[in-house]
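Input sequences plus hints: build the corresponding full structure.
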Amino acid sequence: MSQKNDPSRSGSSSIDPGTGTSPTTPASTKNINGFFGWYRSLGPAIIVASVVLGPGSIYLSSAIGVEFGFALLWVPLLTTVLMICLVILAGRLGVIYDRTLLEELAHRLGRPAAAFTGLIVFLITTSFQTANNAAILFAVDPILEMIFGQPANEIRGGGTSLVILVILNGFILAVLFGFKRLYPPMEKLMIALVLVMLVGFIANLVYAQPALQEIGRGLIPSIPAAASGQPPLNWTLVVGFLGTTVSMAGVFYQSYLVKEKGWSIRDVKSGMTDSLLGIGLLGLISAIIMTTAAVVLHNPEERMTFGSAVEIARQLEPLFGPTAVILFSLGLFAGAFSSFMINAMIGGTLLADGLGQGGRIDQQSTRMFTAGVLLLGMTIALVSGGTAPEIVITFAQALTVLGLPVLVLAMVYLVTRRELNGSYAIPFWMKLVLYIGTVAVVIIAVSIMFNLLFT
Numbered sequence: 001m002s003q004k005n006d007p008s009r010s011g012s013s014s015i016d017p018g019t020g021t022s023p024t025t026p027a028s029t030k031n032i033n034g035f036f037g038w039y040r041s042l043g044p045a046i047i048v049a050s051v052v053l054g055p056g057s058i059y060l061s062s063a064i065g066v067e068f069g070f071a072l073l074w075v076p077l078l079t080t081v082l083m084i085c086l087v088i089l090a091g092r093l094g095v096i097y098d099r100t101l102l103e104e105l106a107h108r109l110g111r112p113a114a115a116f117t118g119l120i121v122f123l124i125t126t127s128f129q130t131a132n133n134a135a136i137l138f139a140v141d142p143i144l145e146m147i148f149g150q151p152a153n154e155i156r157g158g159g160t161s162l163v164i165l166v167i168l169n170g171f172i173l174a175v176l177f178g179f180k181r182l183y184p185p186m187e188k189l190m191i192a193l194v195l196v197m198l199v200g201f202i203a204n205l206v207y208a209q210p211a212l213q214e215i216g217r218g219l220i221p222s223i224p225a226a227a228s229g230q231p232p233l234n235w236t237l238v239v240g241f242l243g244t245t246v247s248m249a250g251v252f253y254q255s256y257l258v259k260e261k262g263w264s265i266r267d268v269k270s271g272m273t274d275s276l277l278g279i280g281l282l283g284l285i286s287a288i289i290m291t292t293a294a295v296v297l298h299n300p301e302e303r304m305t306f307g308s309a310v311e312i313a314r315q316l317e318p319l320f321g322p323t324a325v326i327l328f329s330l331g332l333f334a335g336a337f338s339s340f341m342i343n344a345m346i347g348g349t350l351l352a353d354g355l356g357q358g359g360r361i362d363q364q365s366t367r368m369f370t371a372g373v374l375l376l377g378m379t380i381a382l383v384s385g386g387t388a389p390e391i392v393i394t395f396a397q398a399l400t401v402l403g404l405p406v407l408v409l410a411m412v413y414l415v416t417r418r419e420l421n422g423s424y425a426i427p428f429w430m431k432l433v434l435y436i437g438t439v440a441v442v443i444i445a446v447s448i449m450f451n452l453l454f455t
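Going by full-length UniProt numbering, the sequence shown runs without a break in its numbering and finishes at 455.
Honestly, the hints are just simulated from the structure, not real lab data.
One or more hints might be untrue.
Claimed, not checked - Okay, the calculated beta carbon distance ranges per label pair:
(1) 163 x 188: 42 to 50 Å
(2) 364 x 110: 21 to 29 Å
(3) 146 x 202: 18 to 26 Å
(4) 379 x 188: 38 to 46 Å
To be verified - 25 Å max Cα-Cα, derived SDA-like pairs, lysine to any residue:
(5) 269 x 424
(6) 188 x 207
(7) 180 x 401
(8) 431 x 401
Note that this is a predicted model, so its numbers are computed, not measured.
Yeah, the Cβ is synthetic: ideal placement off N, Cα and C, and Gly gets one too.
This is how it looks when you write it as structure tokens:
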């Protein structure tokens, strides 16, 4: 194990085996049994789920349902299990190491390694923040049309897009700099937004009335084929879904969130409950969206394609009426807004930490870099007319090819340190899942690179 007597030694961490907690990490309050103890364990993983449940994953869940029907319902189940295990592992690393993960990397491998990792994540999140701004505008389009009775493209003219994005980013900046402690309000807000998504998408599922037998068959792993005379199925949708759902940036950020929650090694079981519920909700919502699209829009003889989740939402109106579209749009807005805020915080936190400015979300450096992600993303979206330019999306995908392996290999490195023994030892099954996740991440990165180069 590492020795706190000589924290400057290369390869050491700041664990205090005598007390069972890190010397400077605030120990959590005594666990409360029963419902209140269970409730107190919630938070960090739901925040991770909220950033994963963004407009990209909502669109891809819908598009897979349209393209494949019920046949791939087992995919969100599989990715949910993988993400639960990875988030549990990241939470464990967060309470084992007194330092943040990037600070631990800097201590062991040098500051450039940590700075490079933080910069890559900052650039990725900034690029995707542009898409999040565009998604917010698309999500409110059906609501604006219902209020004003005009097409959205007419309503959004004359500076409406500017007003919407400035108000939204201004609100988040006010929260960012207005609260002395950011974690408690952030946790409550993300839980509320996930519940809005759950209600909105479940309501549409009730409208759709899926057959339970079809759902059951879809949960059995199978590889579907295109109907006779139809073009090959679009498997790039599945690769995209895996890339958005198995979020290594979100996994990595879990280790920071457990520190903000004030957890110690004694809270490992609470972390497992949190991960099961938070990431379980992520998988449930993805499956609900996929099922609704499969019931309403899947036609193997005449396949349809859609460019966004809003286009899919509009197809619900002739079948279920405007209420269904509004509910879907509210769910999409909640997903876009939650991803909007936490995506920026991930980029700001990891860049600040990588540069040695500290990795706590209440520090001024973290707030400033987070504001940088917000303002850059908004500016690019506004200059581009409320859309995400193709060059920005391509840039984000190219960085993802590099960033995914960097983050997962950083976790592998920190998990396999010899001093992690005794009560701090990483269970074999967690290491095994991490290795499986590493293989999956490399496959996803190679697939993205192949699509960038050859399509």
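| task | State, for the Cβ atoms of residue 146 and residue 202, whether the hinted interval 18 to 26 Å holds or is violated. | result | holds (21 Å)
| Holds or violated: residue 188 with residue 207, Cα cutoff 25 Å? | Between residue 188 and residue 207 the Cα gap is close to 29 Å, so the pair fails against 25 Å, i.e. violated.
| task | Please test the hint of 21 to 29 Å on the beta carbon pair from residue 364 and residue 110. | result | holds (25 Å)
| query | Quick one, are residue 180 and residue 401 close enough, alpha carbons at most 25 Å? | reply | violated (36 Å)
| request: With respect to the beta-carbon atoms only, verify the hint that residue 379 and residue 188 lie 38 to 46 Å apart. | output: With Cβ atoms ~29 Å apart, the hint is violated.
| said: For a C-alpha distance cap of 25 Å, please report whether residue 431 and residue 401 respect it. | reply: Given that 25 Å is the threshold and the Cα spacing comes to 23 Å, the pair holds.
| Holds or violated: residue 269 with residue 424, Cα cutoff 25 Å? | It holds: about 14 Å lies between the C-alpha atoms, which stays within 25 Å.
| Regarding residue 163 and residue 188, is the given constraint of 42 to 50 Å on their beta-carbon distance met? | Once the Cβ atoms are compared, 27 Å apart, the range 42 to 50 Å for residue 188 and residue 163 is violated.
Hints 1, 4, 6, 7 from the list above are not met by this structure, while the remaining hints are.
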